[in-house]
Amino acid sequence: MKNKIFLFIGILFALVACDPSDFGDLNVDTRQVKEAPTPTLLTYSLQKMPYIAFNIPDRNEAGLETNYLNFFAQYLSEGPYPAGSLYSTRNLSWSDWYTGPLYNLQTIINLNNEENALATGVEYGFKDNQLAVARILKAYYFWFLTDIYGDIPYSQALKGTEELERAYDSQESIYTDLFKELTKAQAEFTAAINSGVLEAGENVTYQFIGGDPNNWNPWFEDYNNDNRNDYAISNTLGDFMLANNDPRVFIYGENLNSQVKTLAYGNNQAKNIPGAFSRVGNTLRADNTEAPIFTYAQVLFAKAEAAQRSWSMPEEARSTKQLYEDAIKASWEFWEVYDATAYATYIADSDIAYSAANGLERIIKQKWVNQYLNGFEAWTNWRRTGYPTLTPAPDATQTGGIPRRMGYPSAAKPLN
Amino acid sequence: MYTATENGALYNGTASAAIGNTYRTGNIRPSLTTSWEIGTDLRLFDLLGLEFTYYVDDNKDKILTLDIDPTTGFSAYQINAGKIQRKGFEASISANPFRSGSSGFNWDVALNFGRNRSMVVELADDIQTYLADFQRNETRLEHRVGKEWGMLVGRMWNRDEAGNVIIGSNGIATYSNNQEKGTIQPDYTGGLFNNLSYKGFNLSFSLDFQNGGLFHSLTKMYGLGAGLHENTVGVNDKGNDWRDFPGAYTLENGNSGNGRILVPGVFANGTPNNRYIPARSYFYTALQRDNINQMVLEKLREVRLGYELPKAILGRFIKGANFGVMVSNALLIYAPAKEFGVDPSELENIWYEGGQLPSTRTTGFNLRVRL
Numbered sequence: 001m002k003n004k005i006f007l008f009i010g011i012l013f014a015l016v017a018c019d020p021s022d023f024g025d026l027n028v029d030t031r032q033v034k035e036a037p038t039p040t041l042l043t044y045s046l047q048k049m050p051y052i053a054f055n056i057p058d059r060n061e062a063g064l065e066t067n068y069l070n071f072f073a074q075y076l077s078e079g080p081y082p083a084g085s086l087y088s089t090r091n092l093s094w095s096d097w098y099t100g101p102l103y104n105l106q107t108i109i110n111l112n113n114e115e116n117a118l119a120t121g122v123e124y125g126f127k128d129n130q131l132a133v134a135r136i137l138k139a140y141y142f143w144f145l146t147d148i149y150g151d152i153p154y155s156q157a158l159k160g161t162e163e164l165e166r167a168y169d170s171q172e173s174i175y176t177d178l179f180k181e182l183t184k185a186q187a188e189f190t191a192a193i194n195s196g197v198l199e200a201g202e203n204v205t206y207q208f209i210g211g212d213p214n215n216w217n218p219w220f221e222d223y224n225n226d227n228r229n230d231y232a233i234s235n236t237l238g239d240f241m242l243a244n245n246d247p248r249v250f251i252y253g254e255n256l257n258s259q260v261k262t263l264a265y266g267n268n269q270a271k272n273i274p275g276a277f278s279r280v281g282n283t284l285r286a287d288n289t290e291a292p293i294f295t296y297a298q299v300l301f302a303k304a305e306a307a308q309r310s311w312s313m314p315e316e317a318r319s320t321k322q323l324y325e326d327a328i329k330a331s332w333e334f335w336e337v338y339d340a341t342a343y344a345t346y347i348a349d350s351d352i353a354y355s356a357a358n359g360l361e362r363i364i365k366q367k368w369v370n371q372y373l374n375g376f377e378a379w380t381n382w383r384r385t386g387y388p389t390l391t392p393a394p395d396a397t398q399t400g401g402i403p404r405r406m407g408y409p410s411a412a413k414p415l416n
Numbered sequence: 001m002y003t004a005t006e007n008g009a010l011y012n013g014t015a016s017a018a019i020g021n022t023y024r025t026g027n028i029r030p031s032l033t034t035s036w037e038i039g040t041d042l043r044l045f046d047l048l049g050l051e052f053t054y055y056v057d058d059n060k061d062k063i064l065t066l067d068i069d070p071t072t073g074f075s076a077y078q079i080n081a082g083k084i085q086r087k088g089f090e091a092s093i094s095a096n097p098f099r100s101g102s103s104g105f106n107w108d109v110a111l112n113f114g115r116n117r118s119m120v121v122e123l124a125d126d127i128q129t130y131l132a133d134f135q136r137n138e139t140r141l142e143h144r145v146g147k148e149w150g151m152l153v154g155r156m157w158n159r160d161e162a163g164n165v166i167i168g169s170n171g172i173a174t175y176s177n178n179q180e181k182g183t184i185q186p187d188y189t190g191g192l193f194n195n196l197s198y199k200g201f202n203l204s205f206s207l208d209f210q211n212g213g214l215f216h217s218l219t220k221m222y223g224l225g226a227g228l229h230e231n232t233v234g235v236n237d238k239g240n241d242w243r244d245f246p247g248a249y250t251l252e253n254g255n256s257g258n259g260r261i262l263v264p265g266v267f268a269n270g271t272p273n274n275r276y277i278p279a280r281s282y283f284y285t286a287l288q289r290d291n292i293n294q295m296v297l298e299k300l301r302e303v304r305l306g307y308e309l310p311k312a313i314l315g316r317f318i319k320g321a322n323f324g325v326m327v328s329n330a331l332l333i334y335a336p337a338k339e340f341g342v343d344p345s346e347l348e349n350i351w352y353e354g355g356q357l358p359s360t361r362t363t364g365f366n367l368r369v370r371l
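From first to last, the protein sequence lines stand for chains A and B.
In this text, residue positions in the first sequence follow the numbering used here: the first is 1, and each later residue adds one.
In this text, residue positions in the second sequence follow the numbering used here: the first is 1, and each later residue adds one.
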C-alpha cells in the first residue's frame with residue numbers, strides 16, 4: 001500500500017515537472033497568421049473594391065451589401081420580397097468598410113511611416129509606391145462613404161481607441177482632403193504612370209475568379225449557389241432601352257425566348273420572377289465575370305459633361321457631341337455589342353441624339369444606361385444633376401421620395 | 001497592442017489578410033465579484049418551512065468585449081470594466097398539510113418565488129452602452145449605464161403628445177430607432193411543486209410561472225409578415241375583408257373602395273389618418289418594426305402518476321417497484337406568446353427566438369425497482 005502511495009506521488013511530480021512557466025499567449029489564435037505584411041493587407045482591400053462599383057446582394061458579406069443602390073438608381077426591381085426598392089433600407093451599418101479595407105489601408109500607411117519590417121521588405125515594393133496606392137484606395141473608399149452618408153468621421157477616424165468619441169467631418173472638407181491626398185499620391189506615382197501602367201482607352205475591371213467560392217462573382221453566388229430569384233431588370237431602365245433598340249439590354253437582362261421582360265419598379269405586390277421576368281443577364285452573373293470599376297466610356301461621359309459645362313480640358317479637341325457619341329460607342333464596345341449600322345441608327349434616334357439644349361440630360365441619361373449595376377454612381381449623378389428623371393417607387397414605405405442620402409448606422413449614436 | 005490578424009481569402013495564389021476587429025490592450029485581469037446575502041430558514045415541526053434570502057452581488061472589472069464605433073477601425077474593444085449590480089430575493093415555503101403514512105392521504109407542497117434585478121452601474125470611460133447582441137430590423141440587446149441590465153432597444157412607432165401614432169402620408173406608421181422597449185428581466189419567477197399520494201398511488205406535478213420581461217420574436221415577425229398567421233386574416237373597421245381593394249385615395253375623400261387596413265393614428269398635422277393600406281404593407285412593412293413579446297407564462301412543467309406495485313406479486317428478491325407515467329413539458333397553461341406558437345420558457349436565447357420549432361411534449365413510462 002505504502003509503495004503504491006509513493007508511486008502515485010512520483011507520477012504526480014512527473015506530471016507537474018514539465019515547465020509551467022510558459023503556457024503560450026492565450027491572446028494569440030494560432031490558426032491565424034501572426035503578422036500581415038503590407039501586400040496581404042492590400043490584396044484584402046482590393047478584393048472589396050467591386051462592392052462599390054458593381055453593386056451586389058452579398059449574402060456572405062452582408063456588411064458590404066450594396067444592392068440597395070441598384071434600387072435607388074432603378075436598375076433592378078424586386079420580385080417576391082419588395083423592400084429595398086420601397087426604400088426600407090434606412091440606416092445601414094458602415095462597420096465593415098471602416099474596420100475592413102479602410103483600416104487595412106491605414107495600417108499600410110502606418111507601417112510604412114514607422115519603417116516597420118512588415119512594410120520595408122524588399123519584395124513588398126517601394127515605400128512611395130505603397131503609400132501612393134494606399135492613399136488612392138483609401139480616398140476611393142472614403143469617397144464612396146461620404147457620397148452615401150454625407151458628413152462622416154474622417155480626420156479622427158481609423159485611430160483605434162485613441163479617439164473613442166469622434167467628430168464628424170463635413171462632406172466638403174472631406175472632398176478637399178481627398179483631392180489633396182490624390183494629388184500627393186499622383187506626384188509619387190507619376191513615374192510609374194509614365195512608364196505605361198494604363199493606356200488611353202483602357203478599362204479598369206475587377207476579375208472575379210471562376211470556380212473559387214471565395215472569389216467568384218457574388219451575383220453567381222446569389223443565383224447559382226443560394227438559388228435566389230429576387231431581382232429582375234426594372235421597367236425604368238429596360239423599357240427605355242427596348243424602345244430604342246439598344247442591344248445592351250440583352251446583356252443586362254436574362255433572355256427569355258430571345259426577349260427581355262422587365263419588371264415594374266417599386267411595386268409592393270409580391271411576384272415570382274423565374275421565367276416571367278428577366279433576371280440579371282448571363283454574362284453579368286457568370287462566376288468569372290469582369291466587373292467594371294472604371295471604364296473608358298465613363299471617362300468619355302465625364303469629358304462630355306465637362307465640355308457641356310464649358311470647363312477647360314487640356315488636349316481635347318473633340319466637340320461635346322463627338323465626346324457624347326464616342327462615349328456611347330465605347331460603352332457598346334465594352335459590353336461587346338458594337339455594330340456600326342445599329343450604332344449609327346441608335347445615335348440618330350430622337351430619344352438619343354445630342355443637341356446643345358438637351359445636352360446634360362442626354363449625357364447623364366446615357367451614362368446611367370452605361371453604368372448598369374453601378375447604382376452608386378448612377379444614384380449620385382441623379383442626386384447631383386436630377387437626371388435621368390426618375391419617379392419614386394409608387395408603393396414607397398417612406399414618404400420623402402427617392403432617398404437622397406443613407407441614414408447613419410443605428411448604432412452610431414449609442415456608440416459615439 | 002495585441003490585435004490579431006485574420007486570414008483573408010487567397011486571391012489567385014496571392015495571400016490576403018485583414019487586421020482583426022477586436023482591439024486588445026493585453027492587460028486583462030480576472031474580474032471580481034463581491035456579494036453579501038442575508039437569509040433565514042424557519043421550520044415548524046415537520047409541517048411548515050419558510051426560507052428567505054436577500055442578496056446583493058457587485059460584479060466589477062468584468063472582461064468585456066465592448067462594441068465601439070467602427071470608424072475607429074475596430075468594432076470591439078476588450079477591456080476590464082464595468083460594475084453590474086445584481087440584487088434580489090428568493091423565497092420558498094414548503095408544507096405537509098396531510099400526512100397519514102402509507103395507509104392514507106399525503107400531500108407535500110412547495111412554492112418558490114424569486115425576483116432579481118440587475119443594474120448597470122458603470123461601464124468604462126466614454127462608454128455608456130454595451131451592445132450585447134443584435135437581431136433583425138435594428139433590434140438590439142444593450143446594457144445601458146444607469147438602466148436595468150438587458151435593455152431591448154429598437155424601432156418604435158412615433159407618437160404625438162396625446163399618445164396617438166403618427167402616420168406618414170402613405171398611411172404607414174412612422175418610426176424611430178434606438179427606442180428603449182424595456183428590460184428582458186422578468187418581474188418575478190417561481191414554481192409550485194406538489195406531491196400527493198394515497199395508498200399505492202402517487203401523483204406529482206410542478207408548475208412554473210413568471211411575469212414581465214420582454215423578448216424579441218421572429219416567429220411573430222415571420223408569421224405576420226408572410227401572412228401565415230391566422231391573425232392576418234380578418235376584416236377592417238368597416239367590416240370588410242382587409243385583403244380587398246381599397247380603391248383610389250385622396251386626402252379629402254379617403255379611399256373609394258372599402259377594403260384594406262387603417263392604422264389608427266394621426267397625420268403629422270394632427271388630422272386623423274384616413275388612408276387604408278394593403279394588408280401586406282401593414283403586416284410586412286409596418287409591423288416589422290415591432291415584434292416584441294412578453295415573457296409572461298404559466299406552465300405545467302411535469303406530471304407523474306405512479307403506482308406502487310403490491311409486495312405480494314414481487315417475490316422475495318425485490319423490495320419494491322413503482323410503475324409510473326410521466327409527461328414533461330406538459331401544458332402551457334397561459335402565455336400571450338402562445339398565440340404565435342412560442343413558449344417563452346423554451347427560448348433559444350436569453351432575449352429572442354429566431355423562428356424556432358414549437359416545443360415538444362414528451363410522454364414516457366417508467367418502472368423503478370428497488371432490490
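Errors might be hidden in some of the hints.
[Claimed, not checked] For lysine-lysine, the following PhoX-like pairs were computed, each having C-alpha atoms within a straight-line distance of at most 25 angstroms:
{"no.": "1", "chain 1": "A", "residue 1": "Lys413", "chain 2": "B", "residue 2": "Lys87"}
{"no.": "2", "chain 1": "A", "residue 1": "Lys413", "chain 2": "B", "residue 2": "Lys199"}
{"no.": "3", "chain 1": "B", "residue 1": "Lys87", "chain 2": "B", "residue 2": "Lys181"}
{"no.": "4", "chain 1": "B", "residue 1": "Lys181", "chain 2": "B", "residue 2": "Lys83"}
{"no.": "5", "chain 1": "B", "residue 1": "Lys199", "chain 2": "B", "residue 2": "Lys311"}
{"no.": "6", "chain 1": "B", "residue 1": "Lys62", "chain 2": "B", "residue 2": "Lys83"}
{"no.": "7", "chain 1": "A", "residue 1": "Lys413", "chain 2": "B", "residue 2": "Lys311"}
{"no.": "8", "chain 1": "A", "residue 1": "Lys127", "chain 2": "A", "residue 2": "Lys180"}
{"no.": "9", "chain 1": "B", "residue 1": "Lys147", "chain 2": "A", "residue 2": "Lys413"}
{"no.": "10", "chain 1": "A", "residue 1": "Lys127", "chain 2": "A", "residue 2": "Lys159"}
{"no.": "11", "chain 1": "A", "residue 1": "Lys184", "chain 2": "A", "residue 2": "Lys159"}
{"no.": "12", "chain 1": "A", "residue 1": "Lys261", "chain 2": "A", "residue 2": "Lys365"}
[Claimed, not checked] Here's a subset of chain A near chain B, in silico, CB distances under 10 angstroms, partners left out:
{"no.": "13", "residue": "Leu86"}
{"no.": "14", "residue": "Gly100"}
{"no.": "15", "residue": "Thr161"}
{"no.": "16", "residue": "Glu162"}
{"no.": "17", "residue": "Asn244"}
{"no.": "18", "residue": "Thr397"}
[Said to hold, decoys possible] Every beta carbon over 10 angstroms from chain A, so not counted as near; a handful from chain B, in silico:
{"no.": "19", "residue": "Thr5"}
{"no.": "20", "residue": "Gly8"}
{"no.": "21", "residue": "Ile19"}
{"no.": "22", "residue": "Asn21"}
{"no.": "23", "residue": "Asn59"}
{"no.": "24", "residue": "Ile68"}
{"no.": "25", "residue": "Pro70"}
{"no.": "26", "residue": "Lys87"}
{"no.": "27", "residue": "Gly168"}
{"no.": "28", "residue": "Phe193"}
{"no.": "29", "residue": "Phe205"}
{"no.": "30", "residue": "Gly324"}
Hint data in this document are derived by calculation from the structure and do not stem from the laboratory.
Ideal Cβ placement from N, Cα and C applies to all residues, glycine included.
Consistency of the hints with the structure:
no. : hint                   : result
1   : A:Lys413 with B:Lys87  : 30 angstroms, violated
2   : A:Lys413 with B:Lys199 : 67 angstroms, violated
3   : B:Lys87 with B:Lys181  : 22 angstroms, holds
4   : B:Lys181 with B:Lys83  : 23 angstroms, holds
5   : B:Lys199 with B:Lys311 : 13 angstroms, holds
6   : B:Lys62 with B:Lys83   : 7 angstroms, holds
7   : A:Lys413 with B:Lys311 : 73 angstroms, violated
8   : A:Lys127 with A:Lys180 : 19 angstroms, holds
9   : B:Lys147 with A:Lys413 : 17 angstroms, holds
10  : A:Lys127 with A:Lys159 : 21 angstroms, holds
11  : A:Lys184 with A:Lys159 : 21 angstroms, holds
12  : A:Lys261 with A:Lys365 : 21 angstroms, holds
13  : Leu86                  : 7 angstroms, holds
14  : Gly100                 : 6 angstroms, holds
15  : Thr161                 : 5 angstroms, holds
16  : Glu162                 : 8 angstroms, holds
17  : Asn244                 : 33 angstroms, violated
18  : Thr397                 : 5 angstroms, holds
19  : Thr5                   : 4 angstroms, violated
20  : Gly8                   : 4 angstroms, violated
21  : Ile19                  : 5 angstroms, violated
22  : Asn21                  : 5 angstroms, violated
23  : Asn59                  : 22 angstroms, holds
24  : Ile68                  : 6 angstroms, violated
25  : Pro70                  : 4 angstroms, violated
26  : Lys87                  : 26 angstroms, holds
27  : Gly168                 : 4 angstroms, violated
28  : Phe193                 : 43 angstroms, holds
29  : Phe205                 : 45 angstroms, holds
30  : Gly324                 : 45 angstroms, holds
Against the hints set out earlier in the document, violations occur for numbers 1, 2, 7, 17, 19, 20, 21, 22, 24, 25 and 27.
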